[in-house]
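Spelled out from the first residue to the last, the chains are:
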Amino acid sequence: MSFVRFFLLLAAQIIIFNNIDLFGYINPFPYILFIILFPVNGNKQLLIITSFLLGITMDLFSNSGGVHAASCLTLAYARPYIFKFSFGLSYEYQTIKINDSLTPERFSFLLLSVVIHHFILFILEVFQLSSLLDILFRTIIGTIFTLLMCVILIYIFKPNKR
Amino acid sequence: MQQIFNFIFKNSHRLLFLLLLLISLVLTIQSHSFHRSKVISSANFLSGGVYERINGFSEYLNLQTQNEILANENARLKSQLFNIKDSTLVPSLDSIKGVDKVNLIVSKVIHNSYNVYENYITIKGGEKAGIKPDMGVINSLGIIGIVDKTSEKYSTIVSILNKKSQINAKIKKTNHFGSLIWDGKNTGFVQLIDVPRLAAIRKGDTIVTGGQSVIFPENINIGTIDKIYIDNQTNYYTLNVKLFNDMTNLGHVYIIKSKDREEIINLENKTKNE
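Those protein sequences? They're chains A and B, same order as listed.
Mapped onto the working numbering, the consecutive letters of the first sequence carry residue numbers 1 to 162.
Mapped onto the working numbering, the consecutive letters of the second sequence carry residue numbers 1 to 274.
For the record, the hints were derived by calculation from the structure and aren't laboratory data.
Note that the Cβ used here is the ideal one computed from N, Cα and C, for glycine as well.
Any given hint could be a false lead.
Unchecked claim - Some chain B residues judged to face chain A by a derived CB distance under 10 angstroms, without partners named: (1) Leu-25; (2) His-176; (3) Gln-212; (4) Ser-213; (5) Val-214.
To be verified - Examples of chain B residues lying across from chain A (beta carbon under 10 angstroms, computed): (6) Phe-17; (7) Gln-64; (8) Gln-66; (9) Glu-118.
As the list claims (entries may be wrong) - For each label pair, taking beta carbons as the anchor points, the in silico distance ranges come out as: (10) A:Leu-136 with B:Asn-62: 33 to 39 angstroms; (11) B:Asp-226 with A:Ile-20: 57 to 63 angstroms; (12) A:Pro-104 with B:Phe-9: 53 to 59 angstroms; (13) A:Asp-21 with B:Asp-226: 40 to 46 angstroms; (14) A:Pro-104 with B:Ala-71: 32 to 38 angstroms; (15) A:Gly-42 with B:Thr-234: 56 to 62 angstroms; (16) A:Asp-21 with B:Arg-14: 53 to 59 angstroms.
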């Protein structure tokens, strides 16, 4: 399931979402849904390796060195801590389904993940601290846009309840 | 010893994270420096191939505009051809003893980026078609960029919409030189810096490539002057140049294969070494 998602999200990102160019330079990055929706109790090493592969493939297609790889890796590494922050300490004992109806906890988890990913992404992409304002602006607009896409995608592909 | 293994095993995901993060940071820093890595670029087999497929579909969507552009160019070239007064005079302009100075390779843009500070374009055609790094790329309206990396079948181009690109350009009317850069703000405008103050310029003047670079031949269109600023620190003009090209919509391009280039570079290297 996760691996089907890996390729589908990557393909959708490269073919559709990389060509949206809102205001000429803002693209949503819903491909990070792969990291967000990875099973909560899944293998940590596997998540980190696949996140790296996901990011480096994005870099391959957008000529950006290791920008996406670094931000995806950081998100994958920080994921357990965001879980703890959003759902409380006991998250490991219950099975959290992220792709379910949107509660405040789930939303805060999504928001934090997207902000962390985008902030690191744009810092590394712009790569000069003198344009910090531009980095923040891109992060904020990008986050709103990505969040919107993520929520829509989650609602469309919600697994059937049995 | 046991403890070391225990430590590695316990923190394996952390160590893995640090290792991979180091790799990606090295790649990032490399991508921002002048010598970019050849591995992570869209000129390679995988991404080049995918972009070619995608382009195959999206090409149909603006087939009409591309046709119009090509037809216009044809008309212009035909009118040039018919308006030649004395056909014996013409070849001597650009060639010596029947050898053309400049050769063009036709190619097609398969991926175009313009939404970050460092933009690259991917085109079809690479070493097999005779494309080599540092060749100039133009289309019928003006300049587009310089070839960066090539693979067997694809090449990447440093777009003029790239903060690292710096191209020699001049004002057509007065022949004053400057450097063409991009400030990363608007895809329709680039900046011409270091233009001397004694240049008599006006809004609307045409900017063309200068003859100092061996990459582009002289007098290829770039754009028109939109705004004129005076740089307080250096007392040079900084000009905002409106591009003739719509960099967000590129189709067919020409790669300039200058025959003088190798000769000039060889000569310069020889002079330096002595």
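*Is it true that the C-beta distance of Gly-42 of chain A to Thr-234 of chain B lies inside 56 to 62 angstroms, as the hint says?*
holds, 57 angstroms
*Can we keep the His-176 of chain B interface hint, with Cβ of chain A closer than 10 angstroms?*
At 30 angstroms from the nearest chain A Cβ, His-176 of chain B fails the 10 angstroms test, so the hint is violated.
*Status of the Ser-213 of chain B interface restraint (C-beta, 10 angstroms, chain A)*: Violated. Min distance 23 angstroms.
*Evaluate the given range 33 to 39 angstroms for the C-beta pair formed by Leu-136 of chain A and Asn-62 of chain B.*
For Asn-62 of chain B against Leu-136 of chain A, whose Cβ atoms are near 35 angstroms apart, the range 33 to 39 angstroms holds.
*For Pro-104 of chain A and Phe-9 of chain B, compare the CB-CB distance with the range 53 to 59 angstroms and indicate the outcome.*
Violated, since Pro-104 of chain A and Phe-9 of chain B (Cβ atoms, about 38 angstroms apart) do not stay within the stated range.
*Is the distance from the Cβ of Asp-21 of chain A to the Cβ of Asp-226 of chain B consistent with 40 to 46 angstroms?*
violated, 22 angstroms
*Hint check, Leu-25 of chain B versus chain A [nearest Cβ-Cβ separation less than 10 angstroms]*: holds, 6 angstroms
*Does the interface hint hold: is Gln-66 of chain B within less than 10 angstroms of chain A, judged Cβ to Cβ?*
Not OK, violated: Gln-66 of chain B not within 10 angstroms of chain A, min 17 angstroms.
*asked:* Restraint: Val-214 of chain B near chain A, CB-CB cut 10 angstroms. Satisfied or not?
replied: At about 25 angstroms, which exceeds the 10 angstroms cut-off, the nearest Cβ of chain A leaves the hint on Val-214 of chain B violated.
*Between Asp-226 of chain B and Ile-20 of chain A, is the Cβ distance one that fits in 57 to 63 angstroms?*
At roughly 28 angstroms between Cβ atoms, Ile-20 of chain A and Asp-226 of chain B fall outside 57 to 63 angstroms, so the hint is violated.
_Looking only at beta-carbon atoms, does the pair Pro-104 of chain A, Ala-71 of chain B fall within the given range of 32 to 38 angstroms?_
violated, 58 angstroms
_Status of the hint placing Gln-64 of chain B at chain A (closest C-beta pair under 10 angstroms)_ = violated, 19 angstroms
When the structure is compared with the earlier hints, violations turn up for hints 2, 3, 4, 5, 7, 8, 11, 12, 13, 14 and 16 and for no others.
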